[in-house]
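If you read the sequences in order, they're chains A and B.
Position in the first sequence (first residue = 1) + 503 = our numbering.
Position in the second sequence (first residue = 1) + 17 = our numbering.
FYI, nobody ran anything at the bench for these hints, they're computed from the structure.
Please note: incorrect hints may appear among the correct ones.
Unchecked claim - Dumping the calculated SDA-like pairs for lysine to any residue here, alpha-carbon to alpha-carbon at most 25 Å: (1) A:554 with B:29; (2) A:554 with B:124; (3) A:612 with A:534; (4) A:548 with B:128; (5) B:80 with A:616; (6) A:527 with B:78; (7) B:36 with B:81; (8) A:554 with B:56; (9) A:527 with A:548; (10) A:554 with A:505; (11) B:36 with A:505; (12) B:29 with B:72; (13) B:80 with B:93; (14) A:554 with B:78; (15) A:612 with B:24; (16) A:616 with A:586; (17) A:548 with B:117; (18) B:29 with B:117; (19) B:80 with A:508.
Chain by chain, the residues run as shown.
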Amino acid sequence: DIVMTQSPDSLAVSLGERATIDCKSSQSVLYSSNNRNYLAWYQQKPGQPPKLLVFWASTRESGVPDRFSGSGSGTDFTLTISSLQAEDAAVYYCQQYYTTPRTFGQGTKLEIK
Amino acid sequence: QVQLVQSGAEVKKPGASVKVSCKASGFIFTGYYIHWVRQAPGQGLEWMGWISPNSGDTNYAQKFQGRVSMTRDTSISTAYVELSSLTSGDTAVYYCARLPYDPGPFDHWGQGTLVTVSS
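Isolated chain B (complex conformation) (with noise of 0.2 Å):
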């Protein structure tokens, strides 16, 4: 069955970076667009852009453009979201998504990986 697994739970301090994995399984990993989206403590769904993994090709929204980073390793079927410069306001529940199809809504996710950025 599809399944997207996301790296554990990361506590940075102001300033610092971090890197959020998302290992599909289930599907072939390169023929499907990973999305990145997040969700501050008690908020709403923020979406922070996609990567292809056939030819890693991404797309950030304007927001995070400077200090957004998606990457891939084919080898492992790993997606990976890097945001550096990190403040408190980006405290959130981090997501990754397939699209199924594009344009398309998001069919599967993963389970989160909660970043707490504090001094």
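In isolation and in its complexed conformation, chain A is listed as follows (with noise of 0.2 Å):
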């Protein structure tokens, strides 16, 4: 299986500040035969589900803010929010969709500071 380790476990910053949350994956989860990172970040705020904010590493999904940005390739990824809104308070997955069984980081408790 692949694992997947975020860090930090937690952080808190400013609101209009810069949060970065970096996920590691065990193995590639690069396709080479298109290029393709098979990993995605969720945010997921208390009572709700998760919610898809960027797949293919880096493509955001439609409707999520462009603060929201993610990047990386091979085994090394970043989810970074720009300018932090107090609305993004909220725990971050990655998630591997190279291979089964599909695998997520333990999570980030992002908070504002």
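Taking the hints as your guide, dock the two standalone chains into a single complex.
Written out as structure tokens, the structure is:
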């Protein structure tokens, strides 16, 4: 199984500042034949299901604010929130869909400082 | 609009079984795989498996092999997950999620169903 490890486990960022969450996979999720990274990011708020933010490592889902961006390739990925808003307080998960079983990172709790 | 509406919360005793439903609307049910993911209280997301509503084919996480069954009823656009031999470790919110293409991310999720296992 591919193990997904996120860092940090939690962070507190001030409104308007940048937040960065890292995700590392135990093996590459880059499919060489199409040069795509099979990596997604989700946001989960209390009492709600996860919400898809980014897929193919860097493609923003429709309707997601452009302050959210994904980057990285192979085994190392980053989710960046460029200017933190109050509504961004949540837990964020990365997930690989390169292979079965699908696996998620342990989650990163983002709080407003 | 795409919706996945799940059945209500359940309380079960250890050793029992539970069956959770996921009713799809707003899209062609047989055109998209449905996955199941669970989340124990205060914990992360754990993938359980998938079902193809078109063929009925399934693929289960090894951890649940032998005690999970995913089925569907295409006449009512509903997918089901049934978990047997429940223990307190199965207490969790169970989510269904749609796969827009395979392989792909989960683009729509059900609201979740809390299953509590307690004696």
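Okay, the hints, checked on the actual structure:
1. Under the criterion of a C-alpha separation no larger than 25 Å, the hint pairing residue 554 (chain A) with residue 29 (chain B) is inconsistent with the structure, at around 29 Å.
2. A hinted pair counts as satisfied when its Cα atoms are at most 25 Å apart, and residue 554 (chain A) with residue 124 (chain B) qualifies at roughly 8 Å.
3. For the given pair, residue 612 (chain A) sits about 29 Å from residue 534 (chain A) by alpha-carbon distance, which is inconsistent with the 25 Å threshold.
4. Using a Cα cut-off of 25 Å, the hinted pair residue 548 (chain A) and residue 128 (chain B) holds, with the two alpha carbons roughly 12 Å apart.
5. Taking the CA atoms of residue 80 (chain B) and residue 616 (chain A), the gap is about 39 Å. The hint is violated against a cut of 25 Å.
6. Annotation: proposed proximity of residue 527 (chain A) to residue 78 (chain B) holds, straight-line Cα distance about 22 Å (limit 25 Å).
7. Under the criterion of a C-alpha separation no larger than 25 Å, the hint pairing residue 36 (chain B) with residue 81 (chain B) is consistent with the structure, at around 14 Å.
8. Proximity of residue 554 (chain A) to residue 56 (chain B) is assessed by CA-CA distance (about 14 Å); at most 25 Å being required, the pair is judged to hold.
9. For the hint linking residue 527 (chain A) to residue 548 (chain A), the alpha-carbon distance of about 23 Å falls within 25 Å, and the restraint holds.
10. The straight-line distance between the Cα atoms of residue 554 (chain A) and residue 505 (chain A) is roughly 22 Å, inside the 25 Å bound, and the hint therefore holds.
11. For a cut-off of 25 Å, the pair hint linking residue 36 (chain B) to residue 505 (chain A) is broken: about 29 Å separates their Cα positions.
12. At most 25 Å may separate the alpha-carbon atoms for a hinted pair to count; residue 29 (chain B) and residue 72 (chain B) exceed this at roughly 31 Å.
13. A C-alpha spacing of about 29 Å is found between residue 80 (chain B) and residue 93 (chain B), which places the hinted pair above 25 Å, so the restraint is violated.
14. Between residue 554 (chain A) and residue 78 (chain B) the alpha-carbon distance is near 22 Å, which keeps this suggested pair within the 25 Å criterion.
15. Restraint check for residue 612 (chain A) and residue 24 (chain B): the C-alpha separation of about 28 Å exceeds 25 Å, so the hint is violated.
16. Among the hinted pairs, residue 616 (chain A) with residue 586 (chain A) is consistent with the structure: their alpha-carbon atoms are about 13 Å apart, no more than 25 Å.
17. Of the supplied pair hints, the one linking residue 548 (chain A) and residue 117 (chain B) holds, its CA atoms being roughly 23 Å apart against a limit of 25 Å.
18. A C-alpha spacing of about 33 Å is found between residue 29 (chain B) and residue 117 (chain B), which places the hinted pair above 25 Å, so the restraint is violated.
19. Restraint check: the Cα-Cα separation between residue 80 (chain B) and residue 508 (chain A) comes to about 20 Å, which is no more than 25 Å; the hinted pair holds.
Hint compliance for this structure: hints 1, 3, 5, 11, 12, 13, 15, 18 are broken, all remaining hints hold.
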